[in-house]
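*Asks:* Spelled out from the first residue to the last, the chains are:
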Amino acid sequence: MEPKIILLVDDDADLVLANRLVLESAGYQVESAANGQEGLQKMRERKPALVLMDVMMASPLEGYYITQQIAEDPELRAIPIIMVSSIASTQYAESFPTDQYLNIVEFISKPIEPEKLLERVKLYVG
Amino acid sequence: MHTQTWLIRLRWIAGVSALFATWLAQVWLKLEVAALPLYAGGVMILAYNGLLFWLRSLMERKLAQEPGSCQPCNLARIQIALDWLAMIWLVHFSGGIESPLLLYFFFHITLAAIMLPTRDVYIFASLATALVSGLTLAEYRGLLPHIPVKGLLPTPLYQHPQYLFGMLFFFTTTLFVLAYLATRTMAYLREQQAQVLALTKRLRHASARRQALYESAQIVSATLDLQDVLDRLTESTREAMGVRACSIRLLDETQTRLRVASASGLSPEYFQKGDLILAENPLARRVLAGEILYVQDVLNDDRLQYPLEAAEAGIRSTLTAPLIGRRGPLGIIRVYCNRVQRFTRDDADFLQAVANHGSIAIENAMAYQTLQNLDEMKRKFVLMVTHELRSPVGVVRSLLRTLTGGYAGPLTPLQQDMLERALRRADFLQTLIDDLLDMASSKSGLHSQKPVSAVNLSALLSRIVERYRVPASEKGLHLTLVLPEEATPQVQANPEELDRAFNNLISNAVKYTPTGGQVTVSLEAADRQWRIAFQDTGIGIPKEALPHLFEEFYRAPNAKAEIKEGTGLGLVITRDIITRYGGRIEVQSRLNEGTTFIVWLPAWNETQPAHQIETDSHS
Chain W
2 MEPKIILLVD
12 DDADLVLANR
22 LVLESAGYQV
32 ESAANGQEGL
42 QKMRERKPAL
52 VLMDVMMASP
62 LEGYYITQQI
72 AEDPELRAIP
82 IIMVSSIAST
92 QYAESFPTDQ
102 YLNIVEFISK
112 PIEPEKLLER
122 VKLYVG
Chain S
1003 MHTQTWLIRL
1013 RWIAGVSALF
1023 ATWLAQVWLK
1033 LEVAALPLYA
1043 GGVMILAYNG
1053 LLFWLRSLME
1063 RKLAQEPGSC
1073 QPCNLARIQI
1083 ALDWLAMIWL
1093 VHFSGGIESP
1103 LLLYFFFHIT
1113 LAAIMLPTRD
1123 VYIFASLATA
1133 LVSGLTLAEY
1143 RGLLPHIPVK
1153 GLLPTPLYQH
1163 PQYLFGMLFF
1173 FTTTLFVLAY
1183 LATRTMAYLR
1193 EQQAQVLALT
1203 KRLRHASARR
1213 QALYESAQIV
1223 SATLDLQDVL
1233 DRLTESTREA
1243 MGVRACSIRL
1253 LDETQTRLRV
1263 ASASGLSPEY
1273 FQKGDLILAE
1283 NPLARRVLAG
1293 EILYVQDVLN
1303 DDRLQYPLEA
1313 AEAGIRSTLT
1323 APLIGRRGPL
1333 GIIRVYCNRV
1343 QRFTRDDADF
1353 LQAVANHGSI
1363 AIENAMAYQT
1373 LQNLDEMKRK
1383 FVLMVTHELR
1393 SPVGVVRSLL
1403 RTLTGGYAGP
1413 LTPLQQDMLE
1423 RALRRADFLQ
1433 TLIDDLLDMA
1443 SSKSGLHSQK
1453 PVSAVNLSAL
1463 LSRIVERYRV
1473 PASEKGLHLT
1483 LVLPEEATPQ
1493 VQANPEELDR
1503 AFNNLISNAV
1513 KYTPTGGQVT
1523 VSLEAADRQW
1533 RIAFQDTGIG
1543 IPKEALPHLF
1553 EEFYRAPNAK
1563 AEIKEGTGLG
1573 LVITRDIITR
1583 YGGRIEVQSR
1593 LNEGTTFIVW
1603 LPAWNETQPA
1613 HQIETDSHS
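As given, the protein sequences belong to chains W and S, one line each in that order.
For the record, in the first sequence the residue sitting at position 126 is 127 according to the numbering used here, with numbers rising by one throughout.
For the record, in the second sequence the residue sitting at position 465 is 1467 according to the numbering used here, with numbers rising by one throughout.
For the record, the hints were derived by calculation from the structure and aren't laboratory data.
DSSO-like, lysine-lysine: derived pairs with alpha carbons at most 27 Å apart: (1) S:K1452 / W:K117; (2) W:K5 / W:K123; (3) S:K1477 / W:K117; (4) S:K1513 / S:K1562; (5) W:K117 / S:K1513; (6) W:K48 / W:K5.
Note that the coordinates shown come from a computational prediction; the quantities given were computed from them, not determined experimentally.
Here chain S stands alone, though its shape is the one from the complex (with noise of 0.2 Å):
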């Protein structure tokens, strides 16, 4: 279209040419020129150009408002049309075949290839060739009268046939020549401008892909939340390959339908229509056996179970995909289009790219979501069997202990005995359901919930070896308790789990120490932390139990052949305990030597800000 633009600008400055070459031949080379013809010739020019000027700046206007409401070529014909009219009046004005302006021409030929279809180039090289011919032979026959520049050739030649024909041969040969070449050399240039521009737009929409795609990977691991992840997706996928619509359908639990579970750019009144059902659809059927399918015109295709919903929603061509996770197929997901066969291999390529990774992202929301499943499930269960499991025990230990108590009158000694025995069993089956309790619920995060305060170490050791005073003396151990000087040796904790904690280590050494031993307990300052010690003389630990000491249910066998019972979870509760409130423990043994076990927990001072000590107490 530019081109046009420069060629009526190039026409201004030919038509003032005209007029000052007219005026140079006459004033300065003192030729006898037919001055008042040309001079109109040059005038004629610049106002049918101005015409032109107008025309242009008309069609631009509509152009803008209505692309593709005309043609521009047709004012290129127009220009090169009324040019020519202009060039063979000017020639004729000027010498007919002895103008030197008969050269002009390869000029317009040049032009018109530039701006106009390869046949409209030669039919214009025809219509020029022609034109001259005509004149010439006018001029010859005498039916023009011939108007030379006199002074310009020292002979008429008009009259000479050999020159006629030599010239009007070589005029013509050399305008279609010049045509071919010119032509030739624009269609060379269209094709590769057509080319780079295809590859700008490959480009262009290759990197539009390239970043659905990477967003659609993005998906995977941006979000747990299912249906986040499946609108993510449709949308993403709507917008990259540029369709009217994307849905995403799964499996439901009987395998046997398929329901939608996100749409783009459809209305939810269309999916209203139902699910598809799998044995009345050997095209969902196809695609969930791995297979990616093309719908190019919904009207005439038997597969589709909603023929006629589809085409009433504008719906005439869809492309699916299908999403296999790592366990089977999950789902399809499909784009509508508007248009019939709209989609190419190409699309269904990077729809199947698409759908891999959407897969995991869906396979991995829906674990996520059963996981929390069972979260929930556990946690519920946690809440029943405190109650239902725990409770009972608990009546059965409290009818035993009013009868080992003699509450319900007097026992004989073998009752007693035996009553005892059912005792000790009950009190083992106590302690194993609130260790298993206590367990669930930490790995429940039911501990969170608990609150946490200031403890005294020193007051809380106190208090837990008092506990121990009678079965020591009674077992014919040392029970020893060190404490530093300074008043308040503080942690933050909870203080009922902090006493479950260091109830278990002296229970341990109580339980495992032989008669006539020592239990040592000893609380002092290390640097910003307090550590307690528990030492035994007892029966220790093998070293190759040492590295199990905190596994779940492990007992080391030295200590199961001591005492039968034992649920092998304190240790693991003691240690869940110490952890959770940023401390740990350690522990030191040598068989039949004893054993210590070293607890650090972060020492705590009321001046210390809030927000730390709560981190202090996550970490």
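If we strip away everything but chain W, and leave its shape as in the complex, we get (with noise of 0.2 Å):
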């Protein structure tokens, strides 16, 4: 069977690098990009069976733009998101919008344990 793929965007290279160890022990295949228009290229190529984003990148609410231009695509829009940030989840949710369209389904907040990294992609991906 072929690996699962996930993207990890996160302009956060040390940060991608361990998640990147976690997710290929076990056994996913692990793609990243630095910032969101990367990000968004490589979903395009590569059809990820999840996303992890990091809201906070080059500008505040880099992350939450890409989502919505992920959206507004129909290839990728089915794509599940998980949102990471470093501010605690419930103080960014509120400032969040939380449009049906948006396919996010979580927000994960800094720093994430492995064991808890692990146990969400499965849930989403399998």
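Both chains are given apart, each in its own frame, so use the hints to dock them into the complex.
*Replies:* Listed below in structure tokens is the structure:
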């Protein structure tokens, strides 16, 4: 069986490295992008099973704007997105529009424990 | 002025009396009088009185239109002069020096004293003397016919020089003595009146200023907005002093210039002439040193930096007082007048008093502004730190966890041990940062933005206790949760914050209870509150440490000895959260026996009106 692709969109290479090691140890194939536009491009090229999207990259809401672009693309719209933020999740969820058409399945706040990461990914990807 | 109206009114009576007296003398007393001229005299009096009455109302109208356009005194002089002529006419036709009408001159000299300046009274007295003496002399010499009231005197007296001399002497002296007495009395009365008027004016003035001072004192506490304080001060000072304008200039950051901060009564263009530069402005320097300075004429004062601009704006004199705060000069307050030499010592004292009040208000407003800026800086700092400090530590932890979790390949036991030590340090750092952030955001009011909802305490406590099942059993502790039978023990709070508060308490209990111990968390209803007890059989808290337990960074000595790492912030944060949602926290402890933390939170049921919940959660 072809390994499932997980896309990590985060401008922090160290964090990408840590998460990549954890996910790869569980048999996932990991792709990464350092910014929103690159993430969008990788999504189109590789069709990942799940995206972990950092909210705050070069600009404070870059991750959020990218999810909007994703939602407008009929081919990408179905891919589940986990939003990752360094700010406490509820605090963030407050300021986040809960539009139905955005396929954000969860908010997770950093740091993500390896066990928790695997648990959440398994939940949405299998 | 009204005495003249009164005199005109009296003269109607006098005219009619003259006619009546003549009739009486002729018909009733059967005296032989020169009736025709006497009747003519009466009619003449009534006639010129009518003329005076008309003149007077004319004058009143004119005065109402342009005050000071004519002199009421002149009319009074005309009145008395006409009366003198009428009197001498009547005297002549009623026997000259023998006439009893002579006595009426005394009335008139009194009236003149009431209405006219002293000098005029003596002139009229002299005139009366001259008229009477002239008439007497003319009759004596036969230049004028003597027209007696026949039957009034047994013998004619007008040919007796001794009598004439005596009569004239006493008439004249009486007239002058009366003039003297009346004018002195009037002068005294006028002086008194002037004093009363001046006193009234001063009282009114003082009361207006007291009111203004009261207002400026009120400004001190009324507002903390600097611009508002300054504008109110200039406005109220201008009104109270009745001056053209008032301005406040404050020292700039470099303390070398005075910049206009507020002005009332002058156009903004006027102040575009520029700042007052202290190096070039000895006057401003002296005021800032504490002096209050007058400029009595802007055009003849070389201390001014902008005399021509001031003169152009119509300003002729100014008064400037220093605004001095607790830590030195703040600026100056200046009032402007259109006239030369307008200001008095009284004005200076008043402006100084206003400046003293104003300085306090200005300083308070400035301090408040600084505080607000600091608050804003703190807010930004907290947000910056959230990302810049928290995320690298998070990344370090993630990398370490990846290593210790074996996700990057197998480790030797030594490597494993060292990495776990590093991770513990990173974990502590993470906690410290989180705690500090929590405190900082709590102090900067960021918490109030957190959403509140109904929180089921049973569910929340179960979840937290579950979190500690593994660490507790690893340590050999009994962890018990006692819940009430009620289905929905609810409170109104932010669930994450409440989680954090309870988590701290359970974490402490597990941390500071030795192997074999017991930790019990129990929830029960207490009046309209929920009582949550966190009881342990741990090391306890020394009595002397109890009062300091909720102080920032404080840790009890035995807790420090037991576990090295600890921020001393956990309980502070817990109490902050509990009190934010209307609750309170209490601690009971015995050294080496155990500790119980008890939390009370107001119970909440959905039937409560929403606004009540809101006040509860903010109290």
